[in-house]
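2 protein chains.
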Amino acid sequence: MRWQFPGGLRLASPSMAGFDGDGQLLEINGPRLLQRLWDLAEIGPIPGGGNNRLALTDADKEGRDLVVTWMRDLGLDVSIDTIGNVVAVQTDVGEGPPVMMGSHIDTVATGGKYDGNLGVLTALEVIETAIESGVELDRPLAAAFFTNEEGSRFPPDMMGSLCYTGGLTVEEAMSTTDADGKSVGDELDRIGYRGPMPCPGPAPYAFVELHIEQGPVLERDGMRIGAVTGVQGISWTEVNITGQSNHAGTTPMSMRRDAGLAAGELVVAVRRIADEMGGTQVGTVGALRLHPDLVNVVAARAKLIVDLRNTDDDDLQSAERRLLAETKRIAESEEVEIDTKWVARFEPVVFDPRVVELVESTASALGLSVRRMPSGAGHDAQILAEVCPAGMVFVPSVKGISHNPAEFTEPDDLVAGANVLLNTVVALARGHLS
Amino acid sequence: MRWQFPGGLRLASPSMAGFDGDGQLLEINGPRLLQRLWDLAEIGPIPGGGNNRLALTDADKEGRDLVVTWMRDLGLDVSIDTIGNVVAVQTDVGEGPPVMMGSHIDTVATGGKYDGNLGVLTALEVIETAIESGVELDRPLAAAFFTNEEGSRFPPDMMGSLCYTGGLTVEEAMSTTDADGKSVGDELDRIGYRGPMPCPGPAPYAFVELHIEQGPVLERDGMRIGAVTGVQGISWTEVNITGQSNHAGTTPMSMRRDAGLAAGELVVAVRRIADEMGGTQVGTVGALRLHPDLVNVVAARAKLIVDLRNTDDDDLQSAERRLLAETKRIAESEEVEIDTKWVARFEPVVFDPRVVELVESTASALGLSVRRMPSGAGHDAQILAEVCPAGMVFVPSVKGISHNPAEFTEPDDLVAGANVLLNTVVALARGHLS
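From first to last, the protein sequence lines stand for chains G and F. Mapped onto my numbering, the consecutive letters of the first sequence carry residue numbers 76 to 509. Mapped onto my numbering, the consecutive letters of the second sequence carry residue numbers 76 to 509.
Worth flagging that the hints you see were computed from the coordinates, not collected in a lab. Take these hints with a grain of salt, some might be off.
As the list claims (entries may be wrong) - Sample of chain G residues with no beta-carbon within 10 angstroms of chain F, all distances over it, derived:
| no. | residue |
| --- | --- |
| 1 | Ala116 |
| 2 | Glu170 |
| 3 | Thr244 |
| 4 | Glu247 |
| 5 | Glu340 |
| 6 | Ala374 |
| 7 | Gln392 |
| 8 | Arg397 |
| 9 | His478 |
To be verified - A partial selection of chain G residues facing chain F, derived with a Cβ cut-off under 8 angstroms:
| no. | residue |
| --- | --- |
| 10 | Leu141 |
| 11 | Thr144 |
| 12 | Pro273 |
| 13 | Val292 |
| 14 | Arg346 |
| 15 | Ala349 |
| 16 | Val360 |
| 17 | Arg384 |
| 18 | Ser477 |
| 19 | Pro480 |
Every residue, glycine too, gets a C-beta built ideally from N, C-alpha and C.
Please build the complete structure, drawing on both the sequences and the hints.
Encoded structure:
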């Protein structure tokens, strides 16, 4: 099937957001949502209460099987495409492309319970609540999970949603290999998730993703809900520095070509770029290796990856130019060679302002404090935004911790976010974008 | 046996250095020295022309066996002590403690042909030349190689000479384990080099070590010989930085506690300390690790080791104080915890000025350009300096490269250094220190 994309959309009445047939806001079943979260978290457990369900592993397969079972239990039409994306759509509800919710259930190796899983399992809870409530919808709801959002085992991240929207060919994705040389295609076959549906898939009417913030801003500001305005552009620059290996005791400082010193200066420069630019600009060097990495040897080589992000692409390009200027300056002063190359780049994504407005007004209607904010992390919703109106709902992450077993969001906040998602998508499915 | 230490020494006549019975300077057999170097280098070869004979491995045993065979072929009395140091002494020559030459034949994993080996094999060549020349000596010559000078497999470095002079107990050395948990004692037994002679061993009359510079100074200055005045003090400080792991995209710069940034600042600070202090002060961060070392995660932890060296202990302590002040400053500004601990510390060693003078005058008498210089690297001679007058002869290292298969010294320089060693020890063995 290929749903017809509805063309130009217009938000008719944000104030009508989420009201059911009787003008009441709907409420999800909190304990049922939490039970599904805990049940899924029992698959691939790691010490500290987190999960390791790297994409296309046995644990990922087991998680997929469980979620597909739940999808079928809700009477949804479950389809699997050639890259393993799973889409479950309501049947006999309304017509046309569905309002889709979703996220991913793969994790990083040291993942928490919430990242991705919350968006998928809340999508099921929203559909179950909608069914139980008897609310009348003009178009069906859908719940999806996309393959390999994390990209920890197979680059790039957001692989499944990229294939779904045509941003990456299935052939390219299939041939990607992990560190052991196993390919996406072979691993999909092995776990039985190379499905029959073609990629790219049909565009939904709209797409909304609930996700934990994975940052500290909502908690710091005492806010319950984030109405996500877009996703920061991401620029990853791999920097390879070549100096001269020398004895740390016998080489006068003036005769050194120290790749380690150059790397240290670049780390400091990245912080300076972010501080001086301000705004949404962030910069990080989280990955850094010296060679030969010996106490008493001036490093011959250093390799690091600079992570720059900004919500504005012009500003992001400005940060990239400043980074290159810093590498040039450091290369000259330490007489080292510095090669740079982009290893990843995503332009900033701006979510559909009507969806952002709907999320914000829905939260307010539910009596929840809400702020507009960009996402610093990449999400499937930014990929779906290429083919349909899209948006996201954030809930707070305690201490901003994510990709860590200590990842935690208060149950009340999980339920609050689920209720925002529920009433947002019900509004969308009742025709408020037209 | 325990040679009696001769007490107060005095250089009677440096101008008489090295003259044989007929007043002529002696000359070693260059091709014979080079042949032994190449023969030993055939054991434990690695790509690029270097050697891997880590201490107490099969390759180390094979190297030891070869050198012991050569020692016995020269008619020397070979003794092995409990830590595996091998000392070969002339019999029926003079009396009293010998003038000892030596170094080590273990290498780092990526070692060259010359580091250590040159000093040991030249000692054999010097003894062979002395025998052939018929020069009359008042005391015997000795050639030694000490166990595990590099310390690459088992810390600390200079283990064998430390045990020989009583700076480290044999019990402590024996129980040291490598990364696989194998102990020095077990490995000594395995390769058959736990000998019967006790440690500490008898003090020689004097000790002189020929070694490659392992630095670029002689080559830069166009000098053939270094008369080594002493060894820089070495201070290794392990620095453990604990920050907060966070998402690189979602965490505002102002809320970060970035262990990687703190590490980068410390790398830059170490360079600044060395530059501002000047003189012989050097500072290096060659070993640095981030955790979790992921592109998009603000580092939770960083571990690095700072290598500080100075020929003056007051200055070295000043550098250490500045390092601690920098860690305190960085810890406060980035709100990270920084723990520091010494993992190694050797005070500067000053070689006996009479030996330094003798090396210098001998080189001049041979028509070789010579400069006094400190050693930036640690050597067995600095340990022997605790128990007897000691000194060293340096020859140039091309481009200062060492601990690398590309380590190279011109054959002419090897022979020149060997001739300096020969005539220096002959002078010492003919009573010029009394």
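Evaluated hints:
1. Ala116: holds, 20 angstroms
2. Glu170: holds, 38 angstroms
3. Thr244: holds, 24 angstroms
4. Glu247: holds, 21 angstroms
5. Glu340: Since the minimum Cβ distance to chain F is about 6 angstroms, Glu340/G lies within 10 angstroms and the statement is violated.
6. Ala374: violated, 5 angstroms
7. Gln392: holds, 17 angstroms
8. Arg397: holds, 15 angstroms
9. His478: violated, 6 angstroms
10. Leu141: violated, 27 angstroms
11. Thr144: violated, 32 angstroms
12. Pro273: violated, 31 angstroms
13. Val292: holds, 7 angstroms
14. Arg346: holds, 5 angstroms
15. Ala349: holds, 5 angstroms
16. Val360: holds, 6 angstroms
17. Arg384: Status holds, d = 5 angstroms.
18. Ser477: holds, 5 angstroms
19. Pro480: Violated. Min distance 11 angstroms.
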